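Peer 1: Below are the chains, spelled out letter by letter.
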Amino acid sequence: MIIVTRTVKVDTNAPAEEGFVAIYNITPKVQQHLVESYVANGILTVFLPGTTAAIGTIEYEAGLLSDFKNMWSRIVPRDLVYTHKFLWEENNACSHVRASLMGASLVVPLVNKRLILGQYQQIILVEFDNRTRNRQVVLQFMGEKGTAEY
Amino acid sequence: MIIVTRTVKVDTNAPAEEGFVAIYNITPKVQQHLVESYVANGILTVFLPGTTAAIGTIEYEAGLLSDFKNMWSRIVPRDLVYTHKFLWEENNACSHVRASLMGASLVVPLVNKRLILGQYQQIILVEFDNRTRNRQVVLQFMGEKGTAEY
Amino acid sequence: MIIVTRTVKVDTNAPAEEGFVAIYNITPKVQQHLVESYVANGILTVFLPGTTAAIGTIEYEAGLLSDFKNMWSRIVPRDLVYTHKFLWEENNACSHVRASLMGASLVVPLVNKRLILGQYQQIILVEFDNRTRNRQVVLQFMGEKGTAEY
Numbered sequence: 005m006i007i008v009t010r011t012v013k014v015d016t017n018a019p020a021e022e023g024f025v026a027i028y029n030i031t032p033k034v035q036q037h038l039v040e041s042y043v044a045n046g047i048l049t050v051f052l053p054g055t056t057a058a059i060g061t062i063e064y065e066a067g068l069l070s071d072f073k074n075m076w077s078r079i080v081p082r083d084l085v086y087t088h089k090f091l092w093e094e095n096n097a098c099s100h101v102r103a104s105l106m107g108a109s110l111v112v113p114l115v116n117k118r119l120i121l122g123q124y125q126q127i128i129l130v131e132f133d134n135r136t137r138n139r140q141v142v143l144q145f146m147g148e149k150g151t152a153e154y
Numbered sequence: 005m006i007i008v009t010r011t012v013k014v015d016t017n018a019p020a021e022e023g024f025v026a027i028y029n030i031t032p033k034v035q036q037h038l039v040e041s042y043v044a045n046g047i048l049t050v051f052l053p054g055t056t057a058a059i060g061t062i063e064y065e066a067g068l069l070s071d072f073k074n075m076w077s078r079i080v081p082r083d084l085v086y087t088h089k090f091l092w093e094e095n096n097a098c099s100h101v102r103a104s105l106m107g108a109s110l111v112v113p114l115v116n117k118r119l120i121l122g123q124y125q126q127i128i129l130v131e132f133d134n135r136t137r138n139r140q141v142v143l144q145f146m147g148e149k150g151t152a153e154y
Numbered sequence: 005m006i007i008v009t010r011t012v013k014v015d016t017n018a019p020a021e022e023g024f025v026a027i028y029n030i031t032p033k034v035q036q037h038l039v040e041s042y043v044a045n046g047i048l049t050v051f052l053p054g055t056t057a058a059i060g061t062i063e064y065e066a067g068l069l070s071d072f073k074n075m076w077s078r079i080v081p082r083d084l085v086y087t088h089k090f091l092w093e094e095n096n097a098c099s100h101v102r103a104s105l106m107g108a109s110l111v112v113p114l115v116n117k118r119l120i121l122g123q124y125q126q127i128i129l130v131e132f133d134n135r136t137r138n139r140q141v142v143l144q145f146m147g148e149k150g151t152a153e154y
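Protein chains in written order, with my numbering: chain R, 5 to 154; chain S, 5 to 154; chain W, 5 to 154.
Treat the hints as calculated values from the structure; they're not laboratory data. Take every hint as true, because none was put in to throw you off.
Since the list gives no way to pick out one identical chain from another, each pair is judged satisfied if it fits inside one copy or across any two copies.
Straight-line Cα separation of at most 30 Å, BS3-like style, residue types lysine-lysine; simulated pairs:
{"hint": "1", "residue 1": "Lys117", "residue 2": "Lys13"}
{"hint": "2", "residue 1": "Lys33", "residue 2": "Lys149"}
{"hint": "3", "residue 1": "Lys73", "residue 2": "Lys33"}
{"hint": "4", "residue 1": "Lys149", "residue 2": "Lys13"}
{"hint": "5", "residue 1": "Lys149", "residue 2": "Lys117"}
{"hint": "6", "residue 1": "Lys117", "residue 2": "Lys33"}
From a predicted model like this one, the values you see are computed outputs, not experimental measurements.
With the rest of the complex left out, here is chain R (with noise of 0.2 Å):
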């Protein structure tokens, strides 16, 4: 077995116009951590450490990436009154809320060194704090070398 442990750092910005939603495509760098690897069959963990950003997958499209922001938006709205924000002053409780909902971790299948996505399904990193960050995404690969049935 291997385990292969690599970050990808994000320096990211999730502007108030945007909603404070910025998403980032980290596919084409977990591709370059998979070839690198040398993991053949196994999984790939990536997980962010962190309380105001989350990771999962979409169609990295304009248009799509709007219809996303707008949801969080709806459902966690930045200006409802909040608790967090008038005890740290960072006024970014709604950051967090979303960040618990969304999730820190994803897990994808790897088969004869190529991951189990679908045709247009990128691994996004989604920013909600309300400043910079400088996120340090971790991506873990474990299995083994050599061809697995599929």
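Position chains S and W relative to chain R; hints supplied.
Peer 2: What follows is chains S and W alone, placed relative to chain R:
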């Protein structure tokens, strides 16, 4: 370590009168593949390649399935103004947004050849798309033969 | 490869006056099991067997916990007309819907015997049910002894 990758094929149809949500209980097929995998202890990764369906768990009871569908109609309605639909004329922007919120992966521990699910907890494929689809859910069993501490 | 499966027992109570959401920080117990597992590098799978509770991460701060609870009351209110409750008379349809939306599994990478969590990021069990429960969260550590590239 053993790694066994299988697919569960599901022909899906999420009709408009159900709010474009259809829920499929794939647990029996997963159990069958588990028996054939010879993995006694480790993890099962369930992954949906695609951007308009999702993976999760639920108590698979008709009333609850209806309640779950109604939740989607409330928080991600289909009759909003979306940007994605104007670009692609597929009219399935809400399907994408729902799928990205719910998530494409699930990981379930295996102990002594058993999935550690709750008594009423079933693994589900949730179809959100507005046309029939032929889904291939990926199962990846990863672990060892033998008896684990539990 | 080492696979170690443990359970964290939590007696839960999500009272009506908190909107039927109670949030438990299980990170200290997870850390203790990690030390005893002797797994240095690999993954931790956290799984909730059951259909009315969920697993996730959050900054465990009182104001934010309140904000997170309020989000659930907004997007999956308890006083809607649900179908599930008429069948089972348990009145906890909203608990099921919330749990299925949030998700039952979380995967966290381990590097050099450390969980790669953010500074303020805690692993939580979220109880949504309307009666006291005795939860058994499953932890499964899977990986190797030794030092990983990081």
